[in-house]
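Chains as they are written, first to last, in the numbering used here: chain E, 115 to 868; chain R, 14 to 196.
To be clear, the hints were calculated from the coordinates, so they are not data collected in a lab.
Small disclaimer: the values here were computed from a predicted structure and weren't measured.
All C-beta atoms, glycine included, are put in the ideal place defined by N, C-alpha and C.
Treat each hint with caution, since some may be false.
Claimed, not checked - To give a feel for the contact side, a few chain E residues facing chain R, derived at Cβ under 8 Å:
| # | residue |
| --- | --- |
| 1 | I133 |
| 2 | K140 |
| 3 | T142 |
| 4 | H240 |
| 5 | G378 |
| 6 | G602 |
| 7 | A767 |
Spelled out from the first residue to the last, the chains are:
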Amino acid sequence: MASSTGDNKKYKVIGTRPIRHDGADKVTGRAIYGSDVRLNGAVHGKILRSPHAHAQIKSIDTSAAEKLPGVCAVATGADFPDLKDKIANLGEGAVNLAHLSANVLAHRKVLYKGHAVAAVAATNPHVAEEALKLIKVEYEPLESVTWVLDAMRAGAPLLHDNVVTNSMGKKADKPSNVPTHIHFEMGKVDEAFAKADIVIEREYKTASVHQGYIEPHVATALWNEDGHLTLWTSTQGSFTARQQTAELLQIPISRVTVVPCEIGGGFGGKIAVYLEHVAAMLSRKCGRPVKMTMNRDEVFEGTGPTPGSFVRVKLGATKTGQLVAGEAYLAYDAGAFPGGMIGPGCMCVFSCYEIPNARVDGYDVLANKPKTQAYRAPGATQAAFACESMMDELAEKLGIDPIELRLRNAAKEGTRRVDGPTYPRVGFIETLQAAKASEHWKSPLKGPHRGRGIASGYWFNIGLKSSAAGNVNPDGTVSLIEGSTDIGGTRTSVAMQLAETLGIAAEEVMPRVADTDGVGYTDVTGGSRVTFATGLAAYEVGLDIRRQMTERAALVFKCDPAAVECVDGMYKANGKSLTFRELAGKLGQTGGPVVGRAAVDPEGPSNGFGTHIVDVEVDPETAKVTILRYTVIQDAGRAIHPSYVEGQMQGGAVQGIGWALNEEYVFDDQGRMQNPNYLDYRMPTALDVPMIETIIVEVPNPAHPYGVRGVGETPIVAPPAAIAAAIYKATGVRARELPISPPRLWAAMAAKKP
Amino acid sequence: MAKKIHVTSTINGEPIEFLCDARQSLLEVLRDTLDFTGAKEGCNNGNCGACTVLLDGLPVDSCLVLGVEVEGAKITTIEGIAREAHLHPIQQCFLEDAALQCGICTPGFIMSTKALLDSNPNPSEHEIRFQLSGNLCRCTGYDKIIRAVQDSAKALSAGVERGGTKATQPDGRRAAKKQPQAR
Ligand code: FES
Ligand code: FES
Chain E
115 MASSTGDNKK YKVIGTRPIR HDGADKVTGR AIYGSDVRLN GAVHGKILRS PHAHAQIKSI
175 DTSAAEKLPG VCAVATGADF PDLKDKIANL GEGAVNLAHL SANVLAHRKV LYKGHAVAAV
235 AATNPHVAEE ALKLIKVEYE PLESVTWVLD AMRAGAPLLH DNVVTNSMGK KADKPSNVPT
295 HIHFEMGKVD EAFAKADIVI EREYKTASVH QGYIEPHVAT ALWNEDGHLT LWTSTQGSFT
355 ARQQTAELLQ IPISRVTVVP CEIGGGFGGK IAVYLEHVAA MLSRKCGRPV KMTMNRDEVF
415 EGTGPTPGSF VRVKLGATKT GQLVAGEAYL AYDAGAFPGG MIGPGCMCVF SCYEIPNARV
475 DGYDVLANKP KTQAYRAPGA TQAAFACESM MDELAEKLGI DPIELRLRNA AKEGTRRVDG
535 PTYPRVGFIE TLQAAKASEH WKSPLKGPHR GRGIASGYWF NIGLKSSAAG NVNPDGTVSL
595 IEGSTDIGGT RTSVAMQLAE TLGIAAEEVM PRVADTDGVG YTDVTGGSRV TFATGLAAYE
655 VGLDIRRQMT ERAALVFKCD PAAVECVDGM YKANGKSLTF RELAGKLGQT GGPVVGRAAV
715 DPEGPSNGFG THIVDVEVDP ETAKVTILRY TVIQDAGRAI HPSYVEGQMQ GGAVQGIGWA
775 LNEEYVFDDQ GRMQNPNYLD YRMPTALDVP MIETIIVEVP NPAHPYGVRG VGETPIVAPP
835 AAIAAAIYKA TGVRARELPI SPPRLWAAMA AKKP
Chain R
14 MAKKIHVTST INGEPIEFLC DARQSLLEVL RDTLDFTGAK EGCNNGNCGA CTVLLDGLPV
74 DSCLVLGVEV EGAKITTIEG IAREAHLHPI QQCFLEDAAL QCGICTPGFI MSTKALLDSN
134 PNPSEHEIRF QLSGNLCRCT GYDKIIRAVQ DSAKALSAGV ERGGTKATQP DGRRAAKKQP
194 QAR
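Please put together the full structure from these sequences, using the hints given.
Here you go:
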């Protein structure tokens, strides 16, 4: 069941559900994903990975591997430029290149099990794997640490001897596992707590989880004899892949072309490069194209999970449920290199509410795990699990309905967030009202061991840079060239905005994702930005085409361009009119082709809020949690293609369900992941979830011509807290640690029994 | 290196011969030797279903079958179910119901769906979820996939020839619908 509160009547294309442009390719198996790339003479690369969570590399001897028949090239960290602590902006944040380089191929030290140590290219992948076994690496194992609070303790094993704590610009003088301390504060926090009628304080923990995209990382590199490097890769951002690769190899970006392939899921985990420059180096060494594909265990052990976290929150409120003070302490592990998701965590912990006095302290913490990467609303889910669970407890203690408590404190236009910004028009209250009015919330939930929970979530939704161009064809169609790799149907949601602007059908725009030489700079597909920012670029391409078509119409009508009116794709003047298609047919006689172009860089976030309702049943014997019913309510601003908006809401919710109930990195006492496969790292299957109901709320974003806000990330934020609240209703147990897996919940239920 | 083994089988109705190493999986043979890249590798150990093909009509994870095992067998891959420029009704329903986002899991889901509907033309929601629980999708949350399977069952039982790869056009409404432009 899906419903929408919006009114799309004034639009012809927006709000409809055309078949996606790349659909036929994807249901016939013809679409070319990274691993489907075939180049003549290609050889296969494989990576040797560390068996230790923390060790000094004493020596690497590759001589035996090099002699194995079929081996074409071998590379280690020593083959790559030694990068100093240079900071590069890679679009969605700054990166220390020395760390990036050491993460993708270890220098001197391995910092997690699965850390890449050496690479081999051979005529087939089996030979490459055999060659890996012939590489001799001498390690001196060191003590390791994986849990964030252990890593912060005095005397914890140090990961880097040159990392010191930077606390709001002040640098400490001795090395530490805490690279960054963030502090936000507004109002008079201590005074407000002293005056509050009720104060509660709780602690929450979450385990590391993985993005879990079904397609493993893959890249093919060809370092041509002329020195030009071409990469075919599965990436969320071809331009950031180009820049990272060029920086890691210290070659100009103009010598690198990145061809983005179809991508089998990313969720934030396919922004950082892992294989690209290694494949490039192997290709340079052996003079042939080199293709590298990860195995599933390499994906788990060698690419970015999301941080494990410890969060403590304190809330103060009046008897009537007005929040007066908030305090939060957040420690997120960054994995093996600085720069995890603590920043957005700190900004999001209180982002749903108007809390006049608040203080937030956040710590980025090094641990012997793969370097964490973004995962759908990175950092927000851990923070919301804490804050939203406390809102549920507060509602219970005050005897106020949990939606009502949220409504009394909901962030709205003018609310200032603790990290500074003030919201423009946002749609949080509308999602709460829609939740309250929903059939789900109003329906009774009967039966033993059952409970209903609710929680809300926030994500910024970013803007950033996008470029696009549109070529008008003589048959009245438009070829749209864009730079945003399409992970979930964005070719269509972007094309629809151009079609709407020109007054033509969605099918009359043919979108194509170009390589880095075929389109202007475009930032990553991430941050829920593509339909918003690349959609804005498509809209501006439409305006540019319309302006030029108006001039052509004026030539045909023999009048002043200002006299030409353009309505719904019709160009009219002096009682004469031409359709877009008719006019397109006359371009040859009126001055030649029409090409529209746009480059945009919209500022500020578009602010997405959502509210989730869930019914669960808990098996009293095994503590297995079954999701009986689930509803996602979210402000999309404007749903361009409602099916794909619903799809984002449903997919995000189910990832959140997995995070809440099952998914976790399990480490042994040596810091080694015990479950690097889909059987033991338990992602939801079709059997684990019900239909996911959706209610799209549309409070148009004032910063977008069609009101788009972006939708991809917000839906993962609320599920763990909503499910924990439902489990509490079903069992009386307040779960404060994720995942709420059967053993953990069973123990808590057993402890509660008299 | 050990000698390669000669294998004869039928793929999508055509007799095919190939040589393979004893250690090569059917998935590897399909993708790397025969260029049927529609079957995808997500895990290479039987946990994700992205590599699903039909082996003598039954769905298998082709990463768990050895190339040499398909001697004399009939294999159907995603490439073999659309016919004469028309999508199979299951493919059409996946598109109309927006049952894919990134699409990497889609060939596997479509093959599992075909196997399910060939043996059970009118499955309940639970039966669909059960039969498809060996196929992982990380993008959709499964909702639209389940609906696409339900709609496929309806389309197929509404008079479209079932039980093989010979499905022609679905009902008139679908056939009249404009096909999207392939990239
Ligand atoms: S690749 Fe065969 S089941 Fe995953
Ligand atoms: S659509 Fe991406 S995994 Fe299913």
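Verification of the supplied hints:
1. The criterion of a C-beta within 8 Å of any C-beta in chain R is met by E/I133, whose closest approach is roughly 5 Å, and the hint holds.
2. At a threshold of 8 Å, the smallest CB-CB gap from E/K140 to chain R is about 4 Å, leaving the interface hint in force.
3. The beta carbon of E/T142 comes within 6 Å of a beta carbon in chain R, closer than 8 Å, and the hint placing it at the interface holds.
4. With its C-beta approaching chain R no nearer than about 7 Å, E/H240 sits inside the 8 Å limit, and its interface hint holds.
5. With a least beta-carbon distance of about 3 Å to chain R, the hint placing E/G378 at the interface is held under the 8 Å criterion.
6. At about 4 Å, the closest approach between the beta carbon of E/G602 and any beta carbon in chain R falls short of 8 Å, and the interface hint on this residue holds.
7. For E/A767, the shortest C-beta to C-beta distance to chain R is roughly 6 Å, which falls under 8 Å, so the interface hint holds.
When held up to the earlier numbered hints, the structure conflicts with none and fits them all.
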